[in-house]
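Visitor: Each chain, written out:
Number of protein chains: 2
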Amino acid sequence: MTYKCLVDRITQESVHKIKMLEQDCINIGVLGAGVVGSSVLEHYYQSRNLLSEAVGAPINLRFAVVRDLAKPRNVILPEGLLSTNMADVIEDPQINLVISLLGNEEAERSAITAAINQGKHVVTANKVVMAKHGPELFAIASQNGVDLLYEAAVGGGIQVVDNLICRYSPNRFRSVQGILNGTTNSILTRMSLDNMEYGAALSLAQKEGLAEPDPTNDVEGYDAAYKLAILASLAFKKGWVDPAQIYCEGISRIHPRDFKNADDMGYVIKLIGAASDTPKGIEAWVAPALLPKDHLLANVNGALNGILLQGDPIGDVQLAGPGAGGKPTAASIWSDVVKASKDIITGNVSTNHFSTEKATVLPFDESEHSNYVRLTIIDGFRRVENIGRIFSDNEVSINQILQLKNRKWLDEGVNMAEMAIDIDPSGEGNITKAILDLSQADYCQEIGSRFRILSS
Amino acid sequence: MTYKCLVDRITQESVHKIKMLEQDCINIGVLGAGVVGSSVLEHYYQSRNLLSEAVGAPINLRFAVVRDLAKPRNVILPEGLLSTNMADVIEDPQINLVISLLGNEEAERSAITAAINQGKHVVTANKVVMAKHGPELFAIASQNGVDLLYEAAVGGGIQVVDNLICRYSPNRFRSVQGILNGTTNSILTRMSLDNMEYGAALSLAQKEGLAEPDPTNDVEGYDAAYKLAILASLAFKKGWVDPAQIYCEGISRIHPRDFKNADDMGYVIKLIGAASDTPKGIEAWVAPALLPKDHLLANVNGALNGILLQGDPIGDVQLAGPGAGGKPTAASIWSDVVKASKDIITGNVSTNHFSTEKATVLPFDESEHSNYVRLTIIDGFRRVENIGRIFSDNEVSINQILQLKNRKWLDEGVNMAEMAIDIDPSGEGNITKAILDLSQADYCQEIGSRFRILSS
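Chains as they are written, first to last, in the working numbering: chain A, 1157 to 1612; chain B, 1157 to 1612.
If you are wondering where the hints come from, they were derived from the structure by calculation, not from laboratory data. Careful: at least some of the hints might be erroneous.
Where chains are identical, the list cannot tell them apart; a pair therefore holds if satisfied intra-copy or between any two copies.
Mimicking DSSO-like on lysine-lysine, the simulated pairs with C-alpha atoms at most 30 Å apart in a straight line are [to be verified]:
id : residue 1 : residue 2
1  : Lys-1416  : Lys-1449
2  : Lys-1589  : Lys-1498
3  : Lys-1436  : Lys-1393
4  : Lys-1393  : Lys-1498
5  : Lys-1288  : Lys-1394
6  : Lys-1436  : Lys-1416
7  : Lys-1393  : Lys-1514
8  : Lys-1363  : Lys-1436
9  : Lys-1363  : Lys-1227
10 : Lys-1416  : Lys-1363
Work the whole structure out from these sequences, hints included.
Guide: Written out as C-alpha cells, the structure is:
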C-alpha cells in the first residue's frame, strides 16, 4: 500500500465512521431465540455494562425476531423486544449489527444476505451456511464493507476461528485434528468408560437433550465435517475446503470390543475430524480414530470439544472446552459482537474470510494412515502366518497384533477367534486391498471394524 | 462516548495515521538476539511475505541490537543488521516498533520505557518486567499513545493474554489454573512416569538445556508466579495482582512416594498456579498440587504448559501448548507485532492493560482447599482413631485415607507405617493447626508432604 492510497483510505474511513456514529450506540437486532438465541439475550440483560465496556461504546438491543411470540422462554424480556417480522431487524436503518441464529440453512443464508445488503455487520453461529456458502457470503460482505463473523460455528466457546485468522496468522499450519462434535464425544465416552453399547449410549444422550431425535447429522459425522471444512479453509490458506469433499464415517459401527482392544493396545477411541496440508492437496476426513492415551485430545471427554493445531513456529497447540450449549455458544457470539462493534466504531472491516477458490482435496484412498482392523476368524494352524502374508503382499506392515485367549470361543463346534491388528502408516488403498483379500480367505468370518490411528 | 468526542477522536487519529505512514512500511528494531531473539529473526527471514501479508503492509527489520557482534548464531543475518548500540533502535525516528528481548529486568524495563517515550510501539516477552512493573509501563504507553504487548510473557506459544483481553472480554472469570512452567513440568513428568528422584530428573533437565544451572527461579515456582500474576490481573479485572503477594511453594520436596500415593488415590502431581476471584479478594498461589486423572490439565506433560479458565458464560476452557522455547515464543511475538502493526496503520491503540490499582490478595491461610498429607507414624493400636480425632477437633474432614501393607516397615525393631490422607476442602489455617497437633503426637515420626488437591 502506498502513502497516497493509505491517506485516501483514511479519509474514506473517517466519513464512514462519522456516518455510522451519528447515533451514539451500537444498535443490535437478533434473528431467532432458540437455545443459543435465548442465552445471547440472557447475557445481554445480565451483563449489558460489561458488554458495553468491552465494546468501548454503549450497545443497545432493539429487536429480537421469533416465530412464535407466545412460546415460553427461559429469559424475561422487556415488552416490545420481540417481533415476528424479519423486516423489523433487516430493514431498520438504526440497526448496524445483526446476530443471525435462525438455524435453518436456507432461511439463515437469505437472512444473512439480506442483512449484509442493507449494510449491516453480521454475526452467526451457522456452521452449515458458513461451510457451504462462506465464499459467496464473504464476497457480498466485502462489497458492502461489513464484517461477517462466525466464531460460534466451530467449537462452541473454544474460540479457534478468530485465533486462526488473527493471532495465529504469522504461522504455517500443517495439520488440524479435532473432537468437533459434543454429542458423539459424549456417546463414545459412555461406551468407553461405562462399557455401554452404542444404542444405549445414544438413547441416554437423546434423553439428556444432547442428541436430536434424528441423530444422523451428529452420529454420521456430518456436523463435524462442516466444522472441519471451516478449520481447514482457515488454517492452510490453500482455498475453500468444500465440506462435500470431506470423507466421512460415523460412529454407529463401533463395537464395545473395539474399546477393549484399543485400551489393551494403549489407545482411546474418538470421532476425529482431521485435515492436513500435503504437497498433493488438502487431506480431510471425519471418522472414528484411535488416539494414544497420552495424545492431547485423549482426555477430552463427555460433551467437550478439543482441537489440536500443528504449525510452525508455534508448535502443537491445543484448545478444549464446551463444544455446544447455549451459554458457551453465546460467549463466542458476544466476542464476535465486540469485534464487529469495534469495527463499526473505528471504520475497520475485518476480513475473517477464506478464499472463494476451491482447495484441492486429496481423494481419501490416496492418503496414508495407521489403521486398526478387528476381524473374526476360524482359529487354526498358520493363521498368523497367512494373515501376515496377505498384509505383506499388499505392502502393508503390522505394528501390533492382539489375539487373546479370552477372545476365543466355540461356535457350533468351530473354534473362533477375534484378532485386532494395528497397521503401520500405509496407503489407504493398499489397506483396503489387503482387507478385501483377507475377507476372501476361507477362515475369515467377518471384518468387524476398521478405524484410523493417530500418532501422539 | 458522544458523537462529538468520536468525531474529534477520528480527526486526531487521521493525523496520527498520516504521520505514521509517511513511510510506506512498518520499520522494526529488535533488542537482544538470544534464543528467542534468534528465532524471531529467523522467522522474519524465512517468512517475511507471510508476515507482511498478515500485517497488511510491508514490514522491514532495520536493526537488531546485541551485546557481542562476533557471537555465533543459528541464523544467517544480512550485513549491517546487527549493532551494539541501543540508540540505533531507540533513537531511530524511522523505527515505529521495537521488539524488546533483553531478558535482564532492569535493562528491559529501561529499554521499554525509552522506546515508549520515543513514541514507538513495544512488544516484549519479559514476564518479570510486565508482572512487576506493568502498571507503571502501561501508564507511560497510554501517555505516548502506543501499544505495549506481551503475549510471549505467559505460556510460550499458547496465546492466552490477548484472548483474555479481546476474545474473552464478554465473560466473567472466576478461576484460572495453570501448568505455567515447562521446566518443572518436565521434571515432574519424569518423576511420575519414569519413577525418577527429584535430583536425577533435575540434572537431566539441566543437561537437556530445559533447566538453568541455577534452577531456583523455575523450581521454587517464582517463574510461574510472575505468569500467574499477569493472568490473574487480566482475568478478574479487579486490579493488578502484585507477584510479591502470591503464595509460592517449589517442587523440591516432592518424594517419589507422593507420586505413588497420588496414583493410588486417582491423582497426578503438577506444579500449579491457581487464582480465583472470591468475595473477600483474589486468591493466588503457586504450589505442587494433586489433580484428578480426568482433569483437563492432567495430560499436559513434559515441557508443555496448560491453562484452564473457568468463566461465565464461556464455561471451562483449556489451552495447552509449548510453554517455552525459541520458536513458539517467537510465534507469540510475531502475533503481537502483527497486532501492533495493524494499530500503527489504523491509528488505533490497543490497551492490553491491567489496572494500575493493586488488587486485594487474600492471605493464603484464609483460603480453603482440599489437601494431601503424607506422614510417617509408629504403627500401633488406635492410630486411625487418634489421627481422625485430631482432624475432627480442628474441623477438618477426611475424604480418602491410604495405609497400605506394602508401605509398612521395621525400623530398629519399631513398626513404622506411612499414611496418605486426602482432606476435604477446609480452611488452610485449620489444616495447618491439625498438622501441628499431629506432629506433636508421640507416634508421629514425620510429616512428609502437604500439597493441595484440585477438583475436576
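Visitor: Hint by hint, note whether the structure agrees.
Guide: Evaluation of the provided hints:
1. Lys-1416 to Lys-1449: Both. Shortest intra-copy (13 Å) and inter-copy (19 Å) distances satisfy the 30 Å Cα cut-off.
2. Lys-1589 to Lys-1498: Intra 56 Å, inter 53 Å, cutoff 30 Å: neither.
3. Lys-1436 to Lys-1393: within (15 Å within a copy, 48 Å between copies)
4. Lys-1393 to Lys-1498: both (26 Å within a copy, 20 Å between copies)
5. Lys-1288 to Lys-1394: within (16 Å within a copy, 43 Å between copies)
6. Lys-1436 to Lys-1416: Result: close neither inside a copy nor across copies, 36 Å intra and 49 Å inter.
7. Lys-1393 to Lys-1514: within (11 Å within a copy, 44 Å between copies)
8. Lys-1363 to Lys-1436: Intra 45 Å, inter 41 Å, cutoff 30 Å: neither.
9. Lys-1363 to Lys-1227: Classified as within; 22 Å inside a copy, 67 Å across copies.
10. Lys-1416 to Lys-1363: Only inside one copy: Lys-1416 and Lys-1363 sit 26 Å apart there, 40 Å across copies, limit 30 Å.
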